[in-house]
Amino acid sequence: MSTTTLDLPAADAHRAPAAGGALRRLAARPAALISAGVLALLVVAALAAPLLTALEGQDPHTYHDSLVDSARGGVPIGSFGGVSADHWLGVEPGTGRDLFARLLYGARISLLVAVGATAVQVAIGVAVGLAAGLGNRFVDSLLSRVTDVMVSLPMLVLGIALTAVVHPDFPRPLLLILIIGALGWGGTARIVRAQTLSLKRLDFVAAARLGGNGPWRVARRELLPSLAAPVITYAAILLPVNIVVEASLSFVGVGVKPPTPSWGQMLSNAQTWFRADPMYVLLPAGLLFVTVLAFTVLGDAVRTALDPREASRLRIGTRKERRKTSS
Amino acid sequence: MTTPLVEVENLVVEFPGGGSGGGGGGRGARAVDGLSFTLPQGRALGLVGESGSGKSTVAGALLGLHRGTGALTSGSVRVGGTDVAEASPAALRELRGGVAAMVFQDPLSSLDPYYAIGDQIAEVYRVHTRASRRAARARAVEVLERVGIPDAPRRSRSRPHEFSGGMRQRALIAMALACEPRLLIADEPTTALDVTVQAQILDLLHGLREETGMGLLLVTHDVGVAAESVDEVLVMKEGREVERGPVGEVLTAPRQPYTRALLAAVPRITAVPSPAPAPVPAPVPVPVPGARESSGPGDALLEVSGLRREFGRGKGRVVALDGVDLTVHAGTTLGVVGESGSGKTTLGRVLVRLLDPTAGQVRYDGTEIGGLSEKALRPYRRELQMVFQDPVASLNPRRSVGESIADPLRAAGVRDEELIRRRVQESLERVGLDPDRYAAYPHEFSGGQRQRVGIARALIAEPRLIVCDEPVSALDVTTQAQVTGLLRELQRELGLALVFIAHDLAVVRQISDRVAVMRHGRIVEQGPVDEVYGAPRDPYTRELLAAVPALDPALARARRSARGELAAA
Amino acid sequence: MTRFVVKRLGGAVFVLLVLSALVYGLFYLAPSDPARLACGERCSPAQIAQVREQLGLDESVLTQYAQFLQGVFTGRDYSTGVSTLRCDAPCLGFSYQSDQQVTELILDRLPATASLALGAMVIWLTVGVGTGALSALRRGGLTERALTVATLAATGTPVFILGLLMLMVVCAYLQWLPFPTYVPLGEDPEQWAWNMLLPWLTLGFFESAKYARLTRASTLETLAEDHIRTFRAYGVGERAIVGRHALRGAVPPVIALSALDLGTMFGGAVLTESLFGIPGLGKTLIDGVRVIDLPVVVGVVLVIGAAVVLANVVADLLYAAADRRVVLS
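If you read the sequences in order, they're chains A, B and C. What the first sequence shows, in UniProt numbering, is residues 1 to 327, in sequence order. What the second sequence shows, in UniProt numbering, is residues 1 to 569, in sequence order. What the third sequence shows, in UniProt numbering, is residues 1 to 329, in sequence order.
Bound conformation, chain A alone:
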């Protein structure tokens, strides 16, 4: 019962991480810095895609029949997939479209869908998690059940199935954002609910009620600010996952529609070309790999920086979450 509690500064999970401290911890990790640099470069390149391709003098849609060897089934002429001064990264086999341009425009789709979907997931997740954490027993058990179902359903399978029923003219990137967003909010909701429940039990929340604050004021002033760190952390984990989901949907042919370029779709086409034109596999694969890896490393670093003690918990989750009651 009694404890010799030490006069240490609170080493509590809910301790306010000094924002400056978090940034400093982040900057102290070279891997995180490199990842941030790579991602910054990628984002700038994606935003400036029209400019950069204009600089190259190409666009992602023009066919160049003269650059592929129709006698060999359309393999690009020249070494490394037809690299030349005009086509910096070579051309696409079969069509001769410029690879540099297609990769850059593909990055736009990747980032747009991933960021958009993450935003939708976080918005729904926070709303549901808060409602479950603050609501009465009935609301909580209902929303928790729904969340359990959402978490366990295989996102890819449902995503693929859903693309089948939407009108073909519906804008694809938006559709992907909505589908991935609507199917992937379970994890965020779970974390927000768990955080809300544990915050709700803290004495400072009780003190705020005793101070005469109504329930909404308590939620807004005491709970929401403390939820920011875990939500940001989890969003950083979701981003690379969403990039992979988008690429996967495009890979199986239900992502963005041709001729809009996307990395997953290029990899899907590359399945028939990897013997004749390995560059066509390696370029999008490498780009996707580096992007996801950079996001993952950065996400890891953000998590450690915001909350060193939580470092290993969020991603694994299962152990703490599944422990129903430990007596």
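Hints may contain errors.
Derived list of chain A stretches under chain B, where covered just means 3 residues or more per stretch with a C-beta under 8 Å from a C-beta of chain B [to be verified]:
#, region
1, 195-205
2, 209-220
27 Å max Cα-Cα, derived DSS-like pairs, lysine-lysine [to be verified]:
#, chain 1, residue 1, chain 2, residue 2
3, C, LYS210, B, LYS315
4, B, LYS375, A, LYS200
5, B, LYS315, A, LYS200
Everything labelled a hint here was simulated from the structure, so no lab data went into it. This structure is a prediction, so every number in the text was calculated from the model and none was measured. Yeah, the Cβ is synthetic: ideal placement off N, Cα and C, and Gly gets one too.
Put chains B and C on the given structure of chain A with help from the hints.
Using the frame of chain A, we list chains B and C on its own:
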């Protein structure tokens, strides 16, 4: 004379840069700073100190537990003739458990949750003896029997979570006994336990020592625990020795000012130092919003009757409060004591209506508030305040303490920033804090200071009743004395009614006018504090009082034999 | 215990009902006209109307859903005007494309999916858990750093990239293996194994990264707990501490996650199947989506949903059994 069991010479342990080592909690500083002592074979030494004194770090150093953790140690530590710093890994393993065995503070987390207790003891035994599996299991059952685990052969197959706290600590002691060590190191062995269980464990340790003749190094923050158990004490502060000597001498005639201050701060259960303040304090007009008739001092301010509170439903239902009746009189203090699980915290939260009662009445100043909705409660909220146990969790870490204290004002619609600031600074000053620390954040304060902030926040609402739920149990004993002193003073000056909830019978005696003893959600005895402590009627109250460790070793011996008779009866 | 199982299975049935209603509603309310899809591109309006009636599409949505549920539990009859087609329980309708019963189609495809999933599990339980355990034991050393980097990189690699690279290196350049084509186990066990090897390795290695991280993190988390300190203080050696006490903490989550993953994969490892052309449930789903074969899509999604929900129940049970501290309620 043979070589001493433990020889420590000029021991220094440093945790470099923010490293957190043993319980000492040196912030990247020296946890132990040039400590020397010897412990002869078969004797018992108590290391006594407040948090941060480095006492637990010393205990770890005896077994070389800091090796390989990045902590810097110098000086020499010899245990049973082995130089701990120089010993080979194999020799060190032999020492650990074989020569000196350690018992830790938290018995639940100190055992592997996945294995049966008997298997864990057997594993340790086999490390040191090369005994067969079967022989090791037999030894485990034997030591479990020795420490008083009933039905040991069967219980040895249980996992730790199937044991109660006291039983777990017995099991840990059994593990320590398994290899017949010459030294037992006990690091706060009873801190996590209720007072009655604590007495049992201390009696067990005492009996084991008499029987086996092993030496004991007892690390504790509780002077009373040391008085009960050791021959010599060493008082530590900031990693250094303050005073060392036979326990009777140090505790009855301390030479050093620090020891004197430490002992003075320990609340006594036997006598109240200064007579309690006049039964009715000078009435100070308390501004009461609204036109309700205000009750004067001495009148019943808060009355509960037939109070019941349940948690959960169906099979998992727990009755935390089971028919509680009590009255808090204006301007007086009601102490509520009980062990863990007695329902005292639930009672406190129902009293200020943070929790709804399942059944029963809560009458505040003549009005029934037990069933009021959150909205209807609003006018009463500010008059019923609370001070919480955990100084970390009770303040929002993202808000400056000034803003935390100002919160009740803002919630009440005060918009005048100038006024808010002035009022907050006044109340900071009132609780003995620097008013200029308005903008500081909770982590910049020590535990005692944070409790003061919590009190300031309760005060600014101008309450008539404050429920203090274990307000000092997380604090060191000297800080404890200061905070209880502050509460007493505030009560006198402001005419507040206090409900003081604690597990520590001595603290409750220091501050209360009346006291209620709780057990299993019921009040077993209540009355004026001197009556209950002086002539307890209920057997449970008697058991509680007998279990409280005495500061005087002679008295402690007397209590021990009294406990033995009580148990035999 | 029994109460827990009954309660969870009841919950699972409820979840599946909700899922079926959602999926059914979504797919049949979709803008594409099922009758037109079922009939084919060149149907006249009259033919379409006939098909609509045959399929019961002119009924209200609720009636249709009721009939669908009836089909699942008791089977149903479809009248084609001239004859009646009997579809036995559990009836999930007929494929628009092949006129095959969806239930039969799924049962046909299940062995391929199962062989992929089980083989991959063997790999992730050995390679993944082994890697994680090793890096926990060698923590602080070079081995751990190398393993951490490797698992981090593997976590970031989508499974189809891993598979493409494997195909490129193993089949195209080194030519150690022929390009895999699926051979059923019953037909030729040896060929089955050779052809599944690459898919197993791909999916197995991909999943291994996750398991390595999980094992390592759980082990390290346990190593930081107080009871480890107890055994250190009693002279228990480091290997016994990691092997006997710390790794034990990783067992419940690894088992539970394996059950979950296996359930998900029994519903089809979509990407791996698609890449290696394994005719499993995942590939069936993608093919169904391409041609908008709604009954197939609905059927596969429901079967996958059932697999996942069941796997959840099993995972909870296994976790509780492995942890022993968990009280099921």
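Taking the hints in turn, this is what the structure says about them:
no. : hint                 : in the structure
1   : 195-205              : holds (count 3)
2   : 209-220              : holds (count 8)
3   : C:LYS210 to B:LYS315 : 39 Å, violated
4   : B:LYS375 to A:LYS200 : 19 Å, holds
5   : B:LYS315 to A:LYS200 : 25 Å, holds
Hint 3 alone, counting from the list given before, is not met by this structure.
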